[in-house]
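Participant: Could you build the full structure based on these sequences and the hints that come with them?
Below, each chain spelled out in residue letters.
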Amino acid sequence: MLLNQFLLLAAALFCIGVYGVLVRKNGMLVLMSVELILNAVNINLVAFGALTDDVGGEVFALFTIAVAAAEVGIGLAIVLLMYRNRRSIDLSEADLMKG
Amino acid sequence: MNALLAAALPVFTEGPSEVSSVTREANWFLENAFIIPLLPAISFLLILFFGKRMPKKGAEFGIAAVGIAFVLALITGAAWLDHRDNFDGQLSESPATGIEPAHDDHADDGHADDGHEDEGHEDEGEDEHAIGVVADDGSTSSDEVALAVEAEGDGHGEEGHAYVAVQNSTQWLQSGGIEFSAGTLVDGLSVMMLFVVTLISLLVHIYSTDYVSGDRRYTHFFAFLSLFTASMLFFVLSDNILQMIVGWELVGVCSFALIGHWWEEKPNSDAALKAFLTNRVGDVGLLVGMITLFFAAGGGQTFDTLSITNTINQGGVSHTALVVAAAALMAAVMSKSGQFILHTWLPDAMAGPTPVSALIHAATMVVAGIYMVARLYPVFWEGMQIPGSSINLLATVGAVTLVGAGLLAFVQTDIKKVLAYSTVSQLGYMAMALGVGAWTAAVFHLFTHAFFKANLFLGSGSVAHAVHSFDMKKDMGGMRTFMPQTYKTFIIGSVALAGVFPLAGFWSKDEILVGTGGWGIFGGTGGPGSYTFHLTMGMIGAALTAAYMTRCVYLTFHGEYRGGDHGHDDDHAHAHDDAAHHGDPHESGPRILYPLYILSGFSILIGLVNLPPGFQLVPESWQERFLHFIEPAGASYFPAVGHATPSWSLAIISSLIAFGGAGLAYWYYFVKVDGLARSTGQKLTELPNGLVTTNAWARAGHKVLVEKYYLDHLYTGIIAGATKGPIARAANWTNTHLIDGVVNTAGETAVRTGRQVYDKIDQGLIEGFINGSGRVSDATGQELRRINSGKVQNYAAILFAGAAILAGAFIVILAL
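Chains P and B, in that order, are what the protein sequence lines are.
Residues 41 to 139 in this note's numbering are what the first sequence spells out, letter by letter.
Residues -19 to 796 in this note's numbering are what the second sequence spells out, letter by letter.
Honestly, I wouldn't trust all of these hints.
[Unchecked claim] Cβ pair distances, simulated, as ranges: (1) B:Leu25 x P:Leu102: 46 to 54 Å; (2) P:Leu47 x B:Ile767: 46 to 54 Å; (3) P:Lys65 x B:Ala759: 27 to 35 Å; (4) B:Gln743 x P:Asp135: 40 to 48 Å; (5) B:Gly748 x P:Glu133: 28 to 36 Å; (6) B:Gln151 x P:Thr104: 48 to 56 Å; (7) B:Arg755 x P:Glu133: 46 to 54 Å; (8) B:Ile778 x P:Leu42: 53 to 61 Å.
[Stated by the list, open to error] Here are the computed lysine-lysine pairs in the DSSO-like style, where the Cα-Cα straight-line distance is at most 27 Å: (9) B:Lys454 x B:Lys246; (10) P:Lys138 x B:Lys771; (11) P:Lys65 x B:Lys771; (12) B:Lys453 x B:Lys468; (13) B:Lys652 x B:Lys453; (14) B:Lys468 x B:Lys246.
Hint data in this document are derived by calculation from the structure and do not stem from the laboratory.
Beta carbons are placed, not taken as given, at the ideal position from N, Cα and C, and that holds for glycine.
Facilitator: Structural data, given as C-alpha cells:
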C-alpha cells in the first residue's frame, strides 16, 4: 500500500502551504498557499478513502473542492478590492485592525 | 390538571329541564355564514393595498364584496326560512357543555364515545367539535325535539316546529381550562341583520361613488366603508360575548374614522372625538356587564352567548347579578344607541359624509345597542323585571329619549340634525319596546326604520349635493321644483317615518304601542306588562315625529328657494365641481337616485311582512310572518315573551294623533308661514310674531331646546370644569404641603447619609477596589494589545500555533 507516500506528500504540501500563508507578503501567494493546504487535506481524504474502500473520502474531497472554489472567489474579490483601494496587495501593510 | 379540576366542579347547566335549541348541522349557508363578514374584510385589505391603482380607485372592490355578501345574505335568509319550518335534524347538547372539559379526561372519553355509537349520530367531520355535539348517555335527540316543541307550545308556536339556532364555532385558544371560541350564531335575528346591513351598505356604496367622487381620500373612504360593514356583520354574527365586544369596538373605531373623514376642519375631528369618547363611557359599562355575565351566568367558564342566555332563562342566575349586568349594559346601550343622556354624540356625528350618516347613524351602527339587548334579552327580562310590571329603567330611558329627542328635532336648522334627532327618537322607541317586553316590535321597528331612515338620509344628501349645504333655512326651500325625484322619495320616507297607514313605520310603531300593554281600557292588551306611561310617551312621540317631519319637508322642499344668492358654505368638500353647480341646483345623478328608489320601495312595502294577527283583511298565513321567523319563541335561550293583542281602536287613535301632529305643523308652515311669505314677498321660515317671540314661556322652552337641554354645558362646563378645578387645587395643595414635605425631609436625610457614605465607604473602600480593578485591566490590556497587530498573518500564525498545541495535546492524551 502506498499510503505512507501519500501521507508524506500531503504533509509536505501542508507544511509548504502553512509556510506560504504565514510568511509571504503577497496576497495572491497567500491565497495559493491556502489552496495547497486544502489540497493536502484532499490527498489525505482520498488516500484514506481508498485504504478503507469507502467512497466517503472521495465525496468529502469533492465537497472540499467545491467549498475551496467559493473561498477562492471571495478571496480574489478581497484581494482585488484591496488593490483598488491601496494600489498594493502587500499584506504586511494591511493592519487597519491593529488594536 | 386543569381539566381534572374543572371536571370536579359541578357542571352548572346540566339538569332535567335543559332544552337545547341549537344545532351545528344545517344548511351549508347557515353553517358558513362567516363568509359574509369575511368578504368586506378582504375588500378592506384589497382597497388598502391596491385601491389607488384600480381604475375606480378601489370602489369596485367594496361594491363587489358587499354585493356578493348581499346575495349570500339573501340565500342565507331563504335557507333560514326553510330551516325555521322544516328543520328536524339533530340538536346539539346545550351549548354550555361545549366547554365541559370532562372530555379531556381519558375515563370520560370512552363513555362519550359509547354514547355516540349507541345513538348512531352521524357527525363525522364534526368530531373536532365533539365536545359540543356529544349528547348525554340516555337522552336521544328526538326526546330533545319533543321537549323543545313542548316548550314552544307554551310560547307562541303553532307550526309545531321548534326554533333552532345554528351555531358553528371553533376553538380559538384554550387557557386555564377556559375555551375561547370564535364562531357564528345564525338565527332569525342575525339573519335579519345580515339582510339589513348588507343591503343598506350596498346601496350606500353605490351612492357614495357619486357623492364623494373626487374626494381626496376617496379610496380611504371606501376602505373604511368596507371595514365598517365587515365589523357590523361580525358583530351580529358573533356567537359569544367576547366576540361581541370585539365587534362592538371595531364598529366604534370605524365610526370614528368615518365621522372624522374630513378631519382637516376642527368641528369634524371634534365630532369624531366626541363620538369616540362618549362611546368609551358606555364601553366601560359593556365590559363590566359582560364580565358580570361571564362569571354569573357563564360560570367563569364560557363566553358562549347561547349558554349564558340559556342559563339565565332556566333561572340559574341570581337576580342581583342580573340587575348589575343589565344596568351596566344599559350604559353601553345608552352610548352606542344614542339614548338620553349619552345621545349627544349622535347629532354631532353628522359631521361625517352623508352616506356614512345613512350607514352608521341610521341603519346599522346605532342599532348595535338595540341588537345587543335583543340578543341578550333574558338578562334584561329578568334583571329589569320586565314582565308583570309597569315601569323599568330600560323602558323609561327609551320613553324619555323618544320624546326628548323628538322635541329637539324642532329647533334644528341643519336637515341632517333633524334626521339625527329623529334617529335618536326612533331608537328611543326601540329601547322602550324592548323595555316593555315587546321584543318583536322592537326588532321589527329596527328593521323598518333602517329602510326609511336610510332613505331620508340619502335623500338629504342628494339635496345637499345640489345646494352644497345642509342648512334648511338659509340654503334650501322650494327644492321640489329642482329635484322632483328626490322630493318624491323624501316624502315617502317621511310618511313612512311618521307612521301613516299602510307604510312601513305604521306597522312597527303600532306594534310597539300595542306591546306596551297600556291600552287596557279599550281592550287590546295582554302584553307582558301594563306600561301606561310608556304608551302615553309613545303617542306623544308619534305626534312629534309627524310634526317635525312636516316642518323638515316644508323647509327643504316647499316655499321659495333661499340659497344661491350668497357664497357656498361648502363643508362638504366638493369644491372641484362647484363650477358645474353654479346657478340653480338640479337633480342628482342615477347613482344617487336609484338607491333612493329602492329604499322608497322598501319603505312602502316592508311593513307588510309583519301584519298583526287581528288584521282580518288578509289570510291568516300572511300575518305575523316576521314574528314567526325572527322571534326565537320557545327556544331555550329566550324568555317566554307574551304578546299583546292588537286593537283597531289603538291603531286608529294613534294614527289620528300622528295626523294631528302633522296637521298642526302643516297649518303653521304650509298655511301661515307660506301664506305670509307669499303676501309679503319675503323669504320666511318662521312667523315673525310666532309664539316663541311673543310668549316668555315659549321663548324659554325654545332656548332650552336650542341649547339641547344644556347637556353639552353639563358635560364640558360643569362636570369637566367642576372636576378639573377642585382636583387641580387639591392636587396642588397636596403637592406643596404633603409631598414636598416628605420629599424635602427625605432629601435632607439622604444628603446627610450620602455624605457619610461617600466619605467612608465610597472614597475608602469602593474607590480603591474600582481603581484597583481598573489598573489591573489597563495593564492587562496594554500587554494583550501587542498580539492584536492587525496583521492577518500574525493571527494565522497564532491560529496554527494553537492548532499545533491542540494536536500535540491530542497525541499525548492518545498515547497515555
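Participant: Determine for every hint whether it applies to the structure shown.
Facilitator: Structure-based check of each hint:
1. Checked against the hint of 46 to 54 Å, the pair Leu25 (chain B) and Leu102 (chain P) passes, with Cβ atoms roughly 49 Å apart.
2. The supplied range of 46 to 54 Å is broken by Leu47 (chain P) and Ile767 (chain B), whose beta-carbon atoms lie about 33 Å from each other.
3. Separation of Lys65 (chain P) from Ala759 (chain B) is about 33 Å and conforms to the stated range, judged on CB atoms against 27 to 35 Å.
4. Against the hinted window of 40 to 48 Å, the Cβ-Cβ separation of Gln743 (chain B) and Asp135 (chain P) comes to about 43 Å, which satisfies the hint.
5. Gly748 (chain B) and Glu133 (chain P) have their C-beta atoms about 45 Å apart, which leaves the hinted 28 to 36 Å range violated.
6. Separated by about 53 Å at the C-beta atoms, Gln151 (chain B) and Thr104 (chain P) satisfy the suggested range of 48 to 56 Å.
7. About 35 Å separates the C-beta atoms of Arg755 (chain B) and Glu133 (chain P), a value inconsistent with the hinted range of 46 to 54 Å.
8. The beta-carbon spacing between Ile778 (chain B) and Leu42 (chain P), approximately 35 Å, falls outside the hinted interval of 53 to 61 Å.
9. For the hint pairing Lys454 (chain B) with Lys246 (chain B), the CA-to-CA distance comes to about 22 Å; that is within 27 Å, so the pair holds.
10. The hinted pair formed by Lys138 (chain P) and Lys771 (chain B) meets the criterion: a straight-line CA distance of about 7 Å does not exceed 27 Å.
11. Proposed proximity of Lys65 (chain P) and Lys771 (chain B) is supported: the alpha carbons are some 11 Å apart, at most 27 Å.
12. This hinted pair checks out: Lys453 (chain B) and Lys468 (chain B) have alpha carbons roughly 20 Å apart, not beyond 27 Å.
13. Simply put, Lys652 (chain B) and Lys453 (chain B) have alpha-carbon atoms about 16 Å apart, close enough for the 27 Å limit, and the pair holds.
14. For the suggested pair Lys468 (chain B) and Lys246 (chain B), the alpha carbons sit about 35 Å apart, so the restraint of at most 27 Å is broken.
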